[in-house]
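**Q** Residue strings, one per chain:
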Amino acid sequence: NAGVTQTPKFQVLKTGQSMTLQCAQDMNHEYMSWYRQDPGMGLRLIHYSVGAGITDQGEVPNGYNVSRSTTEDFPLRLLSAAPSQTSVYFCASTVARRGPSTDTQYFGPGTRLTVL
Amino acid sequence: GQQVMQIPQYQHVQEGEDFTTYCNSSTTLSNIQWYKQRPGGHPVFLIQLVKSGEVKKQKRLTFQFGEAKKNSSLHITATQTTDVGTYFCAGREAAGNKLTFGGGTRVLVKP
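In the order they appear, the protein sequences are chains A and B. To convert, count from 1 in the first sequence and add 903; that's our numbering. To convert, count from 1 in the second sequence and add 274; that's our numbering.
Any given hint could turn out to be false.
Quick list of in silico lysine-lysine cross-link-like pairs, BS3-like style, CA-CA up to 30 angstroms [said to hold, decoys possible]:
#1 K372(B) / K912(A)
#2 K384(B) / K325(B)
#3 K333(B) / K310(B)
#4 K331(B) / K310(B)
#5 K330(B) / K344(B)
#6 K912(A) / K310(B)
Keep in mind that the hints were calculated from the coordinates and are not lab data.
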């Protein structure tokens, strides 16, 4: 299993540009999330999905869109990039939350995004 | 909303010494998870605690969940240079199921 994969690894955008960060997992996990991590800070939840066709907002959703058409893929779209969105973006997946014992989050390697 | 605080934010440790990092939640938790992130890497799951007062050990790491299920600690004995990184706790709310990460404790080891 490849686990959680993210592309691209690095990206530089100009203000106002749009782009999509890709995330895929091959573990048949139902629950997927997007986090952003700013320098020296923790992880803040952007959007999450509890299964195909179902998405919801996290703590910092503004400026981002998500969709979940398949169990495997959970892309994050930046609509109009701003310098405040310069960050490292992590995608994570976990088994369906049937109980606390199945709650482990598996993180992808991250996408380092700079918006000029 | 739920808040999860970690202290200290930074921990400079002499190699061979022990240290403890603490995690406190504003709400009661159904479980707490700990992750380690090496510099330039991604968070990697270490352990999950579910029961009130639970204590789990992984080699030199000891994890504890408070009796009230609102706080947790990670104690590392005989620190090694391989312990360098940021340790995050993440608490799952008992009501509402929201998972919130703490700000992390960044550990630097002096050889």
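**Q** Of the numbered hints stated earlier in the document, which are not met by this structure?
**A** 2
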